[in-house]
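Asks: Read off the chains here:
Protein chains: 2
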Amino acid sequence: MFESAELGHAIDKETFRREVPALRAALLDVQFDLLEKREFPVVILVSGVDGSGKGETINLLYSWMDPRHISTLAFSAPTDEEAARPYMWRYWRALPPKGKVGIFAGSWYSQPIADRIAGSMRRSDLDDVLEDINRFEAMLVNEGALVLKFWFHLSRDGQKQRLKALERDPRTAWRVTKASYERLKTYDRLQQVAGHVLRVTNTAKAPWIIVEGTDDNYRSLTVGRIVLDQINRRLKQTERQQVPVAPPIVQAIDGKNVLSELDLTRRLDKKDYEKQLAKYQARLSELMRAPRFLDGRSLVLVFEGADAAGKGGSIRRVAASMDARQYQIVPIAAPTEEERAQPYLWRFWRHLPRTGRVTIFDRSWYGRVLVERVEGFCSEADWLRAYAEINDFEHQMADAGAVVVKFWLQIGAEEQLRRFKEREATDFKRFKITAEDWRNRDKWDAYVSAVCDMVDRTSTGLAPWTLVEANDKNFARVKVLKTVCERLEQALAGNSRKAD
Amino acid sequence: MFESAELGHAIDKETFRREVPALRAALLDVQFDLLEKREFPVVILVSGVDGSGKGETINLLYSWMDPRHISTLAFSAPTDEEAARPYMWRYWRALPPKGKVGIFAGSWYSQPIADRIAGSMRRSDLDDVLEDINRFEAMLVNEGALVLKFWFHLSRDGQKQRLKALERDPRTAWRVTKASYERLKTYDRLQQVAGHVLRVTNTAKAPWIIVEGTDDNYRSLTVGRIVLDQINRRLKQTERQQVPVAPPIVQAIDGKNVLSELDLTRRLDKKDYEKQLAKYQARLSELMRAPRFLDGRSLVLVFEGADAAGKGGSIRRVAASMDARQYQIVPIAAPTEEERAQPYLWRFWRHLPRTGRVTIFDRSWYGRVLVERVEGFCSEADWLRAYAEINDFEHQMADAGAVVVKFWLQIGAEEQLRRFKEREATDFKRFKITAEDWRNRDKWDAYVSAVCDMVDRTSTGLAPWTLVEANDKNFARVKVLKTVCERLEQALAGNSRKAD
Numbered sequence: 457m458f459e460s461a462e463l464g465h466a467i468d469k470e471t472f473r474r475e476v477p478a479l480r481a482a483l484l485d486v487q488f489d490l491l492e493k494r495e496f497p498v499v500i501l502v503s504g505v506d507g508s509g510k511g512e513t514i515n516l517l518y519s520w521m522d523p524r525h526i527s528t529l530a531f532s533a534p535t536d537e538e539a540a541r542p543y544m545w546r547y548w549r550a551l552p553p554k555g556k557v558g559i560f561a562g563s564w565y566s567q568p569i570a571d572r573i574a575g576s577m578r579r580s581d582l583d584d585v586l587e588d589i590n591r592f593e594a595m596l597v598n599e600g601a602l603v604l605k606f607w608f609h610l611s612r613d614g615q616k617q618r619l620k621a622l623e624r625d626p627r628t629a630w631r632v633t634k635a636s637y638e639r640l641k642t643y644d645r646l647q648q649v650a651g652h653v654l655r656v657t658n659t660a661k662a663p664w665i666i667v668e669g670t671d672d673n674y675r676s677l678t679v680g681r682i683v684l685d686q687i688n689r690r691l692k693q694t695e696r697q698q699v700p701v702a703p704p705i706v707q708a709i710d711g712k713n714v715l716s717e718l719d720l721t722r723r724l725d726k727k728d729y730e731k732q733l734a735k736y737q738a739r740l741s742e743l744m745r746a747p748r749f750l751d752g753r754s755l756v757l758v759f760e761g762a763d764a765a766g767k768g769g770s771i772r773r774v775a776a777s778m779d780a781r782q783y784q785i786v787p788i789a790a791p792t793e794e795e796r797a798q799p800y801l802w803r804f805w806r807h808l809p810r811t812g813r814v815t816i817f818d819r820s821w822y823g824r825v826l827v828e829r830v831e832g833f834c835s836e837a838d839w840l841r842a843y844a845e846i847n848d849f850e851h852q853m854a855d856a857g858a859v860v861v862k863f864w865l866q867i868g869a870e871e872q873l874r875r876f877k878e879r880e881a882t883d884f885k886r887f888k889i890t891a892e893d894w895r896n897r898d899k900w901d902a903y904v905s906a907v908c909d910m911v912d913r914t915s916t917g918l919a920p921w922t923l924v925e926a927n928d929k930n931f932a933r934v935k936v937l938k939t940v941c942e943r944l945e946q947a948l949a950g951n952s953r954k955a956d
Numbered sequence: 457m458f459e460s461a462e463l464g465h466a467i468d469k470e471t472f473r474r475e476v477p478a479l480r481a482a483l484l485d486v487q488f489d490l491l492e493k494r495e496f497p498v499v500i501l502v503s504g505v506d507g508s509g510k511g512e513t514i515n516l517l518y519s520w521m522d523p524r525h526i527s528t529l530a531f532s533a534p535t536d537e538e539a540a541r542p543y544m545w546r547y548w549r550a551l552p553p554k555g556k557v558g559i560f561a562g563s564w565y566s567q568p569i570a571d572r573i574a575g576s577m578r579r580s581d582l583d584d585v586l587e588d589i590n591r592f593e594a595m596l597v598n599e600g601a602l603v604l605k606f607w608f609h610l611s612r613d614g615q616k617q618r619l620k621a622l623e624r625d626p627r628t629a630w631r632v633t634k635a636s637y638e639r640l641k642t643y644d645r646l647q648q649v650a651g652h653v654l655r656v657t658n659t660a661k662a663p664w665i666i667v668e669g670t671d672d673n674y675r676s677l678t679v680g681r682i683v684l685d686q687i688n689r690r691l692k693q694t695e696r697q698q699v700p701v702a703p704p705i706v707q708a709i710d711g712k713n714v715l716s717e718l719d720l721t722r723r724l725d726k727k728d729y730e731k732q733l734a735k736y737q738a739r740l741s742e743l744m745r746a747p748r749f750l751d752g753r754s755l756v757l758v759f760e761g762a763d764a765a766g767k768g769g770s771i772r773r774v775a776a777s778m779d780a781r782q783y784q785i786v787p788i789a790a791p792t793e794e795e796r797a798q799p800y801l802w803r804f805w806r807h808l809p810r811t812g813r814v815t816i817f818d819r820s821w822y823g824r825v826l827v828e829r830v831e832g833f834c835s836e837a838d839w840l841r842a843y844a845e846i847n848d849f850e851h852q853m854a855d856a857g858a859v860v861v862k863f864w865l866q867i868g869a870e871e872q873l874r875r876f877k878e879r880e881a882t883d884f885k886r887f888k889i890t891a892e893d894w895r896n897r898d899k900w901d902a903y904v905s906a907v908c909d910m911v912d913r914t915s916t917g918l919a920p921w922t923l924v925e926a927n928d929k930n931f932a933r934v935k936v937l938k939t940v941c942e943r944l945e946q947a948l949a950g951n952s953r954k955a956d
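These protein sequences, in sequence, are chains A and B.
The letter at position 205 of the first sequence is residue 661 when you use this note's numbering, and the numbering goes up by one with no holes.
The letter at position 112 of the second sequence is residue 568 when you use this note's numbering, and the numbering goes up by one with no holes.
Some clues are possibly wrong.
The list makes no distinction among identical chains, and a pair is therefore deemed to hold if it is satisfied within one copy or across any two copies.
Straight-line Cα separation of at most 25 Å, SDA-like style, residue types lysine to any residue; simulated pairs [claimed, not checked]: (1) LYS661 - ALA635; (2) LYS877 - TYR843; (3) LYS554 - THR792; (4) LYS899 - ILE709; (5) LYS938 - THR628; (6) LYS616 - GLU878; (7) LYS712 - GLU831; (8) LYS469 - PHE833; (9) LYS877 - ALA891; (10) LYS556 - GLN784; (11) LYS620 - SER563; (12) LYS556 - HIS807; (13) LYS554 - GLN798; (14) LYS899 - ALA540; (15) LYS556 - GLN872; (16) LYS899 - GLN737.
FYI, nobody ran anything at the bench for these hints, they're computed from the structure.
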């Protein structure tokens, strides 16, 4: 893996001085184009062995480019807000928006590599993490990001010499500590672990760029040119490269599907409804205060459904059993400007609850495989890859202790029509029916296909869908509440998070 | 203060049932209008004695209104991200955007009241805090927010009875703990402190609304009606109430001002420049790594100046002495959609550095009293009140340990013309001169007035302005660096933050 980076690469002072001015001018130029177009972000990972010039390289990029449009995030121990959420949350919140350059000094690779070297992570667990990382980076690239992963390498002797050199220079001596020399001892282990990590994560979409760190001039010029060339190349790509499209999703030829098989005649009379509502609201209210929930779990509720299926009413019945200080309802409408400048899932990541808290999504990330698919707001390749991205997203929540409960509220076409007309007749403006609602009705069949595909492809063990027969509001509300209670009880009863 | 809230106010069940449906419908209606117009946010503070129905009231508002457009923030111990920034940072980040309702369960009043009761805050310090709060709330109202501050009161006996009643009901018994009864003992002290706090902060812009909490029906109906009436009233205000405009700012009749007195002929030759640049960069680099800085201070740099005055070049020289992982440069351009939905200063608050970090603002909150004033982008009342708001903002930073250094880079009119022409001649697109730059030149005198007023009104002991003679870039850059070093040294040498 590191053979080409132990050849003693070097660039003489003369050449360096001659090359730099043109490189700087070109970098500024390309950065200007990047900013003007605002089509994609540049994500630069800076990693490698100690003393290989990571910090120097970052500072160099700042001095060669316009520092106002670069951000650098250093990640040490997670803050308590970060620790109370999935591992990747801190990286998501640090992603640069389109048009900007974000440098990660330390990244999603740092912790797994450190844990593996320390022996606190098994090889098989490491590989699971690396698979997650591969899918995460593929998602970034598919969303348009240019991802440049630098690994600065030093031979063992090279590292020792670099430390000595840093020590000799009064301007850099402070950077060499006992810990630096300590780390020399784990050199072999780092090479071994890093070699494996780099091999497994050296993907076509986000390959590693290994640079020898011994000679400052060589390293600086190499990084500068690569950044320049890669941004240039990406700017010239007029069409985003799409993942190959999967075979078309097939529909069962007998017309049966998960929605058609729902018994929409299911009802609950008023007396039963009130009894059960009270029962499950009391139970949920207790679960929300259980120490096992407050100290180690969070709850993510997703409500999807046809227009007028009663999402709002169900949400209110669930929320009524919680303390307002504990939950947040996030209605998903059009993304804001800041959200549009980020990968699709960014606007959902930002609302994930911390431990002991609840987020209720009124519509959700499933918009991509529902409305965006049906209306053609995104390409086929985009919504096809979304299934896997969404599964990853929910998996990460569950891994961090979140209980993820997803509802599809289904009503019949006639019942919807009846409710639309009813709403039109009431005088509360809030229930006004828009032309869009009527248009959506015309696409009923397309939505049915989309929903069935969604359920098939994203109903996972950790985050299964619950389909709710919602022609009768009483029945639907009780089913929703009951499901939330049961999922929570099951999760809190488990011996560990993973057992969920 | 609390006399009217000890009269045993009560509403019978019958009346309550009769009144509620119309109130709910009206609240939903008014909330819909609020959301449609997106002109202002509603900030509701819920505070008062234990057992007076704070939680119940919040949950009630959720069930009466559309919970998707309400957020509730409960504030307990600050997270470490919050603790590393000014006290008000956590409240700024929780402000609801225009069109939404934000409920604060616990607020900026909680800590001062608790500290005063515990005896850890002197009366005079409390009064300082209350003055800050008054100005903060006035700012919110001036920015358009509707601020409703509820205080729920119970007589001493009333509180004991409420606790007993909560205990009797199995659905609420869990909420009564030993601590609840403990707090009964401090009843008198709370009344005393709260009485003082409420009196001092009972302003015309954000008056307190004291509600007796004994009877649930009375409390609920009272709060519901007040929220309804106040939002309605605010919706009907077509013109925002402006603060009375201060007497016009006068210019000295001899034509002398702080800018005209600058000696723009000051220069530094290349040799001196390089020597001094190296000296101050090395010093700054050391200061940035000083434990006293890393553990208790942060640095906020503000760069303002005429077009082409050399802000960018100065920023780069300062940044070059810092580690990229330690600082962030924030270029201030047009606000984003999310920023426009918030008070003016919100977009600057969000970028404040945590302890040990640096934020460099390339243009800043002073836009309000410079470009917005000169171009008429805001009203006279808006920019006149901005001086005090800005002073408060910077004072809060300084109180939290930030060293605030502000630069105005001044060049002569001919020098600016020369630089414009030079830029037009270079082929780097990044230096392109826009029509706007030429237009700004026509308003030279108006900008001079605005700058002089700004310096006079916002150069404070904690955050003084440094005017930089910038006709010679070398001189300007060294003066900037030297000033940053000196301010930091002075701050780090001080015995305490306050001494700064």
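Asks: All hints are to be evaluated individually against the structure, with a verdict given for each.
Replies: Here is what the structure says about each hint:
no.	hint	in the structure
1	LYS661 - ALA635	neither (35 Å within a copy, 58 Å between copies)
2	LYS877 - TYR843	neither (35 Å within a copy, 55 Å between copies)
3	LYS554 - THR792	both (14 Å within a copy, 14 Å between copies)
4	LYS899 - ILE709	within (20 Å within a copy, 74 Å between copies)
5	LYS938 - THR628	between (63 Å within a copy, 22 Å between copies)
6	LYS616 - GLU878	neither (78 Å within a copy, 49 Å between copies)
7	LYS712 - GLU831	within (24 Å within a copy, 65 Å between copies)
8	LYS469 - PHE833	neither (53 Å within a copy, 52 Å between copies)
9	LYS877 - ALA891	within (13 Å within a copy, 55 Å between copies)
10	LYS556 - GLN784	between (31 Å within a copy, 13 Å between copies)
11	LYS620 - SER563	neither (27 Å within a copy, 54 Å between copies)
12	LYS556 - HIS807	both (23 Å within a copy, 16 Å between copies)
13	LYS554 - GLN798	both (7 Å within a copy, 23 Å between copies)
14	LYS899 - ALA540	neither (41 Å within a copy, 52 Å between copies)
15	LYS556 - GLN872	neither (45 Å within a copy, 29 Å between copies)
16	LYS899 - GLN737	neither (36 Å within a copy, 65 Å between copies)
Of the numbered hints given earlier, the model fails hints 1, 2, 6, 8, 11, 14, 15, 16; all others are met.
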